[in-house]
Amino acid sequence: MINNFFFLAAFLFVPFHDFHVTHTTFHYNNESKSMEITIKVALEDLEKSIKDIYSEKIDGFLDTQENKNIEKLIIEYFRNNLIFSVDKNKQEYHWVGKESSNNLHDIYLYFEIPNYDKNENIESIIIKNTLFFDLYNNQTNIALIELIDSKYNLTFTIDNDIQTIFMNNKSR
Amino acid sequence: MIFNCKKINFTILILLTTSLLMGQENLNKSKFKQLHQELPTPNVYRTASGAPGHEYYQQKADYIIDVELDEKNNILSGNETITYTNNSPDILNYLWVQLDQNVRAKNSHSQLTSTSRMTKKMRFGSIRRMHDKMNFDGGFKLEEVTDMYGKKLQYIVNETMMRIELPKPLIKEQTFSFKIKYYYNINDRMKIGGRSGYEYFEEDDNSIYTIAQFFPRMAVYNEVEGWQNKQFLGRGEFSLPFGDYKVSITVPADHIVAATGELKNTSSVLEKKQIKRLEIAKRNYTDPVIIVNQNEAVENEKTKSESKKTWIFEAKNVRDFGWASSRKFIWDAMAVDISGKRVMAYSYYPKEGNPLWEQYSTRVVAHSLKVYSKYTIDYIYPQATSVHAKWIGMEYPMISFNFGRPEKDGTYSKRTKYGMIGVIIHEVGHNFFPMIINSDERQWTWMDEGLNTFVQYLAEQEFERNYPSRRGPPANIIEYMKGEKSGIVPIMTNSESVLQFGNNAYGKPATALNILRETIMGRELFDYAFKTYSQRWAFKHPTPADFFRTMEDASAVDLDWFWRGWFYTNDHVDISLDEVNWYQINTGNPDIENPIAKENEKNQNTYIGDTKNEISIPKTVTEYDEDAIDFYTTFDPYNISILDREDYSDYIKNLDDSEKQILNSDKNYYELQFSNIGGLVMPIILEFIYVDGTRKTIRIPAEIWKKNSNSVKKVFILEKELSKVILDPFLETADTDRNNNYWPTKNEPTRFQLFKQKEKNSENQMQRTRKVEERLQNDK
Ligand SMILES: [Zn+2]
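Heads up: the protein sequence lines correspond to chains A and B, in order. Each residue of the first sequence is one higher than the one before, starting from 0 at the first, in numbering that gives the first Met the number 0. Each residue of the second sequence is one higher than the one before, starting from 0 at the first, in numbering that gives the first Met the number 0.
No lab work stands behind these hints: they were computed from the structure. Be aware that a few hints might be false.
Claimed, not checked - Listed next, the stretches of chain B that the computed footprint assigns to chain A, with coverage defined by at least 3 CB atoms under 8 Å from CB atoms of chain A: (1) 37-48; (2) 468-479; (3) 742-755.
Remember, it's a predicted structure, so these values are computed and weren't measured experimentally. Note that beta-carbon positions come from the ideal geometry of N, C-alpha and C, so glycine has one too.
Construct the entire structure; sequences and hints are all you get.
So, in structure tokens, the structure goes:
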């Protein structure tokens, strides 16, 4: 029932609010040996989510640098809702920064897994993506995983929030 | 006998299945195949050229509506007379009327059919909203449905649709009038959402009412859908016939009312000074004139009148009616010149909308009318209104409800400003699509949202250079297009089944049109065709085929491949520049070729041991012992003999003049190989950068893929040698992977890497600037 409201709420934002899609790219950088994570979300969704959980207003937080507190909340939110595990070991993210999209609608958040272990014996990567599922019933999260010679394109929905990529074991 | 019979049947069946399978494999799957199978067969109503046919018809619905707003209880009660004219050749036995308010009725289908799930951690706010929504007693309460003599009509309500039985069949050119008396509870937009409703302001105990879908409305009947009585579930918006409206709106006497159409009883609802200001505004084409100013509005909020006033509006040839009412309204107005005709631009907003609204709203309305008139048809309605409404952007004929609220301290973020300007352009733009060019929104969201978003982009770019447009440029759609295919459906999908609504129905069609205009057709051909479509279908009901056909018909550009790829599939663009091979002509002349060959051999990479031996072995045997030398020791294969020259002149003798010319032209031949990874065929746009630094752009139409849509080769004859080749150098095709667009190969840095490089500092904005100013003040 609760989600009925959100179904309605979704088209309330016609036309400017996008219909609840986030994009995440995990890009392995072979030079720095790190996993670079770029997350694009609608600023409005992020505001709403942080506001609902922490009762904080973050409108315009991009415009002022001083609000480190809110940055902490954002980091916490993403660490809890976007989990990247290699063979069941949860990987720790480091905060890199954030910037507004040119059209002002979205915000890009950057995280990094330094010294990403690109071991040849890795069997699987498991991603759990629950971004904004607490907010919208029709939320869709898209993730692109770019390793050196392979790419994976995944879609997460409320009914399908964990996905596993099985690696071809190349050691043999 | 029976057994045999069965056996025979079985054999036949197998044969049939096999041939069917074989048939499918041999079907024409060319990406350039014409759309004959996808588009409906042209007929007397809709021609093959995309224009209305000679027997095109449409129904008419005229309304006389009296409504009264009960502000204390948030109830709207109404009485309407609908006069319906059957212009179709068909005999109608019943009428379908839309009851859109029923989407908010308890247990409505829209609530039941939206998939839902409980999450483990429910938030308090969410649960409260759930309760608000469940407890709200929405939907039309029908009191009477009668003919003009008060005789009850038989009807049945099926969710958001009502079927009224006609006392006798309605034949061509006959009209039927009937009355509906009703009321409904107005929803609190802030609590349970909706395209219309009220927003309550606790501070001064007032509301802003933005009212729409407030009366039972006729459904469309035509030769495409019969009755368009597809239920309203929430997304697929409206499908409405044109007609004339007379609407009397009774509200508290101290309210200001904005509405579709023209106010007919000005002197009985407006104060003298307001009428005077309005007259001044009618002559002012440069900036807005305030009709009700902020001080007056703030004063007005403080008390509540017990008496009532009725505002009477009339509108001709519109498909719907919307209005807004509040005692909080500030009102400004300005005249706009549309091809020599005066149109009024109005804005209504509370003090909470300032300073943004006073500065921008009416100006943006005026700007939108001008730009849209240029690209489509002249705006012919008498006015266009923008009403301030938190959170939503929603359109009705001549009136729209738009978001954009500054902070309480009067500052606002850049996003709020451009969001507001964008939404006003967009919603005013909806006057053209779908209010005038009246497509069926219930069926095809893209036909109004996509076309409107496209012109919105043009209007934004004319408002301010480098306006931060969200949709339009090809680069902005890439993230969507390259996504996993199960999350993407073709544009040609019914509104309710569209996935990723914003990208699918707004972004992608707007981008596609932009690509047609800039890359495929060119501005001149595109603009003419787009205008032709608008002119042909203004005040009519177009379908997708009418649009597709007109764009071709008016331009002589075969676009079937484009519609097929961009509108009927979920393919994306990813063209790869796989190989660049360089050839030069061998003239055969030993005096030219031999020194080149010799030079080439010298320039070959040398094995390190050979280089070291040059120094470490001062002399080899053949270098110090003459007797160790024979013919082969000194033979130079590049030496030119008399025989070589004779062979060459024999060869030349056999050539004609044009062949000789080619032989001596000294041109560079480059063979470029491309593959189509994404599936969408698109033009190949190349930038050649020569070794001397000069550049040249090459544009190859998409038809290069017509025989092989997976891979093509193309040879270029160039005077100069190439140093670089870039595919899609001007970012115009929405190519999703640019790392295969360069020769020599080059990886573009990712957004992440760019960000890390620049160590971005956020910019100063209004609040920050204010702080600086305050600091300066204090220092004084
Ligand atoms: Zn729209």
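Okay, the hints, checked on the actual structure:
1. 37-48: violated (count 0)
2. 468-479: With 5 residues in contact (Cβ-Cβ under 8 Å with chain A), the coverage given for the region 468-479 of chain B holds.
3. 742-755: Holds, because 6 residues of the region 742-755 of chain B bring their Cβ atoms closer than 8 Å to Cβ atoms of chain A.
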